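Student: In case you want the letters, here they are:
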Amino acid sequence: MTADRSNGIFYGVDRWTVLLYVAIVLAGWVSITAASYDEGAADVFSFSHFYMKQAVWVGVAWVTALVVLLLDERFYHMFAYPAYFAGLALLVAALAFGKEVNGAKAWFEFGSFRVQPVEFAKIATALAVARVMSDYSFSIARFGDLMRVGVVICVPLLIIVLQNDTGSGIVLGSFLFVLYREGLNKWLCIPVLLIAALFIVSFLLSPLALLVLLILVCTLSEAMMSGEWRSRIIYLAVLALSALVLCLAMHFIAPGRMSLYGALLTVTLLSLVGVTIYAFRAGLSNTLITVALFIAAMVFLPTTDRLFDSLKDHQQKRILSFLGIVNDPSGADYNVNQSKIAIGSGGFAGKGFLEGTQIKYGFVPERHTDFIFCTVGEEWGFLGTMTVLTLLCLLILRLMRMGERQQEPFGRIYCYCVAAILLFHVLVNVGMTIGLMPVMGIPLPFMSYGGSSLIAFTILLFIAVRFDASTRQFSLDKF
Amino acid sequence: MRSEERFGRVRTLQCVVLAIFLLLAGRLAYLQLIDKRYADLARANVLRHVVQYPPRGEVFDRRGEYLVQSRECYDLMVIYSDIDKRGFDTTRLCEVLNLSREKLRRELANARMRPRAPRVVVNYISKEDKLRFDECNFRGFYTVYRTVRRYPRKVGGNLLGYVGEVTEDMLRRHPSYKAGDYVGMSGVESAYEPLLRGEKGVKIQEIDTHGAIKGSYMGGLYDSLPEPGRYIVSTIDARLQLLGEELMRGKVGAAVAIEPSTGEILMMVSSPTYDPDELVGRERGNNYMKMLRNKRHPLFNRAVKAKYPPGSTFKLVQGLIGQQEGVLRPSDTHSCHLGYTYGRKKMACHAHASPLDLRFAVATSCNAYFCYVFRDILENRKYGGVKEGFDVWREYVESFGFGRKLGSDFLDEGNGYVPDRAYYDRRYRGSWNALTVLSLSIGQDALGCTPLQLANLAAIVANRGYYYIPHIVKRIEGQDSLDRRFYERHYTKVDARHFDPIVEGMWRGVNVGGTSTRAMLPGLDVCGKTGTAQNPHGRDHSTFLSFAPKDNPRIAISVYVENGGFGATSALPIASLLEEYYLTDTIRRPELVEYVKNMNIYYPSYDR
Numbered sequence: 000m001t002a003d004r005s006n007g008i009f010y011g012v013d014r015w016t017v018l019l020y021v022a023i024v025l026a027g028w029v030s031i032t033a034a035s036y037d038e039g040a041a042d043v044f045s046f047s048h049f050y051m052k053q054a055v056w057v058g059v060a061w062v063t064a065l066v067v068l069l070l071d072e073r074f075y076h077m078f079a080y081p082a083y084f085a086g087l088a089l090l091v092a093a094l095a096f097g098k099e100v101n102g103a104k105a106w107f108e109f110g111s112f113r114v115q116p117v118e119f120a121k122i123a124t125a126l127a128v129a130r131v132m133s134d135y136s137f138s139i140a141r142f143g144d145l146m147r148v149g150v151v152i153c154v155p156l157l158i159i160v161l162q163n164d165t166g167s168g169i170v171l172g173s174f175l176f177v178l179y180r181e182g183l184n185k186w187l188c189i190p191v192l193l194i195a196a197l198f199i200v201s202f203l204l205s206p207l208a209l210l211v212l213l214i215l216v217c218t219l220s221e222a223m224m225s226g227e228w229r230s231r232i233i234y235l236a237v238l239a240l241s242a243l244v245l246c247l248a249m250h251f252i253a254p255g256r257m258s259l260y261g262a263l264l265t266v267t268l269l270s271l272v273g274v275t276i277y278a279f280r281a282g283l284s285n286t287l288i289t290v291a292l293f294i295a296a297m298v299f300l301p302t303t304d305r306l307f308d309s310l311k312d313h314q315q316k317r318i319l320s321f322l323g324i325v326n327d328p329s330g331a332d333y334n335v336n337q338s339k340i341a342i343g344s345g346g347f348a349g350k351g352f353l354e355g356t357q358i359k360y361g362f363v364p365e366r367h368t369d370f371i372f373c374t375v376g377e378e379w380g381f382l383g384t385m386t387v388l389t390l391l392c393l394l395i396l397r398l399m400r401m402g403e404r405q406q407e408p409f410g411r412i413y414c415y416c417v418a419a420i421l422l423f424h425v426l427v428n429v430g431m432t433i434g435l436m437p438v439m440g441i442p443l444p445f446m447s448y449g450g451s452s453l454i455a456f457t458i459l460l461f462i463a464v465r466f467d468a469s470t471r472q473f474s475l476d477k478f
Numbered sequence: 000m001r002s003e004e005r006f007g008r009v010r011t012l013q014c015v016v017l018a019i020f021l022l023l024a025g026r027l028a029y030l031q032l033i034d035k036r037y038a039d040l041a042r043a044n045v046l047r048h049v050v051q052y053p054p055r056g057e058v059f060d061r062r063g064e065y066l067v068q069s070r071e072c073y074d075l076m077v078i079y080s081d082i083d084k085r086g087f088d089t090t091r092l093c094e095v096l097n098l099s100r101e102k103l104r105r106e107l108a109n110a111r112m113r114p115r116a117p118r119v120v121v122n123y124i125s126k127e128d129k130l131r132f133d134e135c136n137f138r139g140f141y142t143v144y145r146t147v148r149r150y151p152r153k154v155g156g157n158l159l160g161y162v163g164e165v166t167e168d169m170l171r172r173h174p175s176y177k178a179g180d181y182v183g184m185s186g187v188e189s190a191y192e193p194l195l196r197g198e199k200g201v202k203i204q205e206i207d208t209h210g211a212i213k214g215s216y217m218g219g220l221y222d223s224l225p226e227p228g229r230y231i232v233s234t235i236d237a238r239l240q241l242l243g244e245e246l247m248r249g250k251v252g253a254a255v256a257i258e259p260s261t262g263e264i265l266m267m268v269s270s271p272t273y274d275p276d277e278l279v280g281r282e283r284g285n286n287y288m289k290m291l292r293n294k295r296h297p298l299f300n301r302a303v304k305a306k307y308p309p310g311s312t313f314k315l316v317q318g319l320i321g322q323q324e325g326v327l328r329p330s331d332t333h334s335c336h337l338g339y340t341y342g343r344k345k346m347a348c349h350a351h352a353s354p355l356d357l358r359f360a361v362a363t364s365c366n367a368y369f370c371y372v373f374r375d376i377l378e379n380r381k382y383g384g385v386k387e388g389f390d391v392w393r394e395y396v397e398s399f400g401f402g403r404k405l406g407s408d409f410l411d412e413g414n415g416y417v418p419d420r421a422y423y424d425r426r427y428r429g430s431w432n433a434l435t436v437l438s439l440s441i442g443q444d445a446l447g448c449t450p451l452q453l454a455n456l457a458a459i460v461a462n463r464g465y466y467y468i469p470h471i472v473k474r475i476e477g478q479d480s481l482d483r484r485f486y487e488r489h490y491t492k493v494d495a496r497h498f499d500p501i502v503e504g505m506w507r508g509v510n511v512g513g514t515s516t517r518a519m520l521p522g523l524d525v526c527g528k529t530g531t532a533q534n535p536h537g538r539d540h541s542t543f544l545s546f547a548p549k550d551n552p553r554i555a556i557s558v559y560v561e562n563g564g565f566g567a568t569s570a571l572p573i574a575s576l577l578e579e580y581y582l583t584d585t586i587r588r589p590e591l592v593e594y595v596k597n598m599n600i601y602y603p604s605y606d607r
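If you read the protein sequences in the order shown, they are chains A and B.
With numbering that gives the first Met the number 0, letter number 118 in the first sequence gets 117, and the count goes up by one each step, no holes.
With numbering that gives the first Met the number 0, letter number 365 in the second sequence gets 364, and the count goes up by one each step, no holes.
Don't read these hints as lab results, they were simulated from the structure.
In this text the structure is predicted, and so the values were computed from the model without any measurement.
Mixed in with the good hints there might be a few duds.
[To be verified] No more than 20 Å apart at the CA atoms, straight line, and that leaves these computed lysine to any residue pairs for SDA-like:
#, chain 1, residue 1, chain 2, residue 2
1, B, LYS84, A, TYR360
2, A, LYS185, B, ARG1
3, A, LYS185, B, GLU3
4, B, LYS35, A, MET385
5, A, LYS185, B, VAL15
6, B, LYS35, A, LEU382
7, B, LYS473, B, ARG553
8, A, LYS185, B, ARG10
9, A, LYS185, B, PHE6
10, B, LYS213, A, PHE352
11, B, LYS35, A, PHE347
12, B, LYS213, A, TYR360
13, B, LYS84, A, TYR333
14, A, LYS185, B, LEU17
15, B, LYS473, B, ARG483
16, A, LYS185, B, VAL9
[Claimed, not checked] Counterexamples of contact, computed for chain A against chain B with all Cβ distances above 12 Å:
#, residue
17, PHE46
18, GLY172
19, GLU181
20, GLU227
21, TRP228
22, HIS250
23, ALA291
24, PHE347
25, LEU391
26, PHE423
Virtual Cβ for every residue (Gly too), placed ideally from N, Cα, C.
Produce the complete structure using the sequences and hints provided.
Tutor: Below, the structure is given as structure tokens:
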């Protein structure tokens, strides 16, 4: 599978991907222009304007894309681990010597130019994950191999969370998407996702409700895995009955000593002993995994309060306001409210280019970076937002398609990693501007203002394009 | 992994991607297409409605001289949330606007309660200060155009009334007012509030997130200009008013002058009065409290609200009723020897010739004569009883405008008081007769008249039997006429012919010989009637009713001086000087002016 350079660097490059990429970048640039255009400015073409700076970055990004295409795909394969360790080193360096911006110690500053190593760490992690999982002897069903992938993902994630840049850290969690594609047991995915959701809302629920939910989630997903429904439902009914009986009995024997929660917890833990012994005897690995998951959740749930307290004040406020626990339109809610107003007031066709009042008069904060989608919503309306979303959706689906036609697992896994990262970014970024997600400071790929983000996403994407091009060269050459 | 399972997983992931995008698209469709709230919210974000206050209408006197002027001034407003969060130069702001840091701090603390609402920090900033403030550009602060009142002549405090910030109570009753609006609180200001006020305008501005103005919305398409308040020409003669207030200074009482042929109020003095400029501007509150605490109650408009016993001036009414009822002919004579004796009691009278007829009785103000007349009215056989006779008498009295509001344009006009049958039944437990209430004959007992009603009586006599409702407004900008009620003649129940002997008596009292001779003005044919009212507060009240000239009278006047002694002692000279000044534009008796000004009246009931 040698690349034949005689046909030029664009030979085999997926034209649709490049077209979508260019369209999204241009849409982003137009939005940045609208968000930062100043009617009063004397010199429209001065490089002090964001849109002129971004125009330069777009040029730099395109040159970078060319360079990425020029390099041989084997280089990336070889380069995966060094890049991964270099990325880790950069992250640690940022943690130690970096500059703090918006509460996150995640930036390097060179004069007026700021770089966020996280952007590049994502590429490195994606490469490393692809490398680990494409090893010849790798099997996702094997516990040790799964742990290896977990470590590769979790080490940078932890460092990023330590940098206080939780949003970017969680991006790496999106690799679950890739793991699923590569054959991770699907019934392991669902309880993991559900329990993650439970963690987020844990301080909304009473301990009893939380316990009941946990038992239901675990038992039912175990039932799904094993396909044994009858016995699991009988198990649930027995648990509930005995908990009630115990509670009533305690009420008469020693009133006030044991609540319903206590009774249920006691009954459940006792029953788990039996369940574990039975599972060992019968060799039901799924049941064992579920029991382990349940116990882990039980141990970690009480820590969420502590975990929450350890979050920075502004993050607490954002999460609380997102969950509707505090309502403070001029405080933590302000960003989201203003962004909803901007998008909502766009209506069907929008207010027109440079006519968006909420954007122009600065009501939406961060309107050219994290909240760039507001500009699209206000000035181009529903038509504009749908166009941009469609472009992004097509790009992600295209990446998955590209992944599927790879012949080597490395390329396939990498393409899926890129798709997962982009999907997560779009979901969280667009979601936060319309109040579906809590505010996490992560950019909208290819559109938000910022050189390092644009270049990093371009590299991320074009490495995938490079792999795809080689595959297609090979198949094209064959015929 | 088998290929069909792989295929299924890829499908699942594609569905996840599509589901996520559909979720986002659905939410966007809701925000942008279904929920219409956001367009309004966006507008509310960007638009600031700036109220444009109209200049308040001005008031002129009958000769076109300014009584009330509107002067431009500014209110300093603040929107707390727009203030620069890094702080601002408070010292400079205080210096420019001349206000204390203490006050600024207090007002900002208040503004903080509702950080997005505009709030007044300080009122009445002069134009010069405003211009200096504009140069400095403090974020979050801006000025609003207002007008304040100015009184070039400094007269007519209670008459013109004052303007104040609208009260909570007003806001509840009149929702068209907004907090911080100015509204007329008394006198002309409140009576003609809807005309003087004008209409507020609004200017819609686009602002950015810092509150900086970016231009007008839609090029000012939805702006409205303020409509200035209308001007009013009042019936007051400013110079006469000034003289009246000067003459009444140091006395407690009231003086009202009416043009009989129209019912226009030429002058209305309530004494003590105050400088109306004191109830304008920043010191308003303090001055107002000072006036409230003043024991002589300068804010009480005695001219329309006080209830005074009319004293002998009421004999005119008795004489008229007697004639109309047929129990008195002008030629009827009664004798009087220092009083009217009934049973063991005696209604005292002063020394004068006896017997005497109606004209002479009016001129000399004989008490006994009117006791006879009053008894005859009440004991008239055709009504079958004293109480029935009393009812008839009361109806007559009411037709003269006593005991009820005249319907003038003063909103707070008083009723006065004319006792009715029920009152005496209560007071004497049902057993009373003409002699019990004999004091009514000479305007004492429970009778209470406002100085405006007394002036109206003078006008009725001057007109020989009718009156126009006294009013204060001559012309309103943009209106051809006033309210209809001011053009209607109101007749008393006494025929015009019965007035002649009374007028004759009043003329003789001034010009031939009687109690009012000091009021004589050569060539003006003044007619007058003194009154001396006993009261429980000390010395007798002094009052004087007069009109002039006798034929085609141009002015009817009533002066009431509390504790002023005889009618001729204090009220008469004041009335006489006012008539002279109004009719001739000069005062030929400076010594009388000196006398009135130096008059020293002791008020034990007020100045305890």
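Student: Evaluate each hint against the coordinates.
Tutor: Hints and how they fare:
1. B:LYS84 <-> A:TYR360: holds, 18 Å
2. A:LYS185 <-> B:ARG1: holds, 15 Å
3. A:LYS185 <-> B:GLU3: Status holds; Cα separation ~15 Å.
4. B:LYS35 <-> A:MET385: Holds: LYS35 of chain B and MET385 of chain A sit about 19 Å apart, inside 20 Å.
5. A:LYS185 <-> B:VAL15: Roughly 13 Å separates the two Cα atoms, so the pair holds.
6. B:LYS35 <-> A:LEU382: holds, 17 Å
7. B:LYS473 <-> B:ARG553: holds, 16 Å
8. A:LYS185 <-> B:ARG10: holds, 14 Å
9. A:LYS185 <-> B:PHE6: holds, 14 Å
10. B:LYS213 <-> A:PHE352: Roughly 18 Å separates the two Cα atoms, so the pair holds.
11. B:LYS35 <-> A:PHE347: Holds. LYS35 of chain B to PHE347 of chain A sits at ~11 Å (cutoff 20 Å).
12. B:LYS213 <-> A:TYR360: holds, 8 Å
13. B:LYS84 <-> A:TYR333: holds, 16 Å
14. A:LYS185 <-> B:LEU17: holds, 19 Å
15. B:LYS473 <-> B:ARG483: Status holds; Cα separation ~13 Å.
16. A:LYS185 <-> B:VAL9: At roughly 13 Å apart (the allowed maximum being 20 Å), VAL9 of chain B and LYS185 of chain A satisfy the hint.
17. PHE46: holds, 24 Å
18. GLY172: Non-interface label stands for GLY172 of chain A: nearest chain B Cβ at 15 Å, farther than 12 Å.
19. GLU181: violated, 8 Å
20. GLU227: holds, 21 Å
21. TRP228: Label holds. Min Cβ-Cβ 22 Å, cutoff 12 Å.
22. HIS250: Holds: least Cβ distance 46 Å, greater than 12 Å.
23. ALA291: ALA291 of chain A clear of chain B: closest Cβ-Cβ about 24 Å, beyond 12 Å.
24. PHE347: Answer for PHE347 of chain A: violated, closest chain B Cβ roughly 6 Å.
25. LEU391: LEU391 of chain A not clear of chain B: closest Cβ-Cβ about 8 Å, inside 12 Å.
26. PHE423: violated, 9 Å
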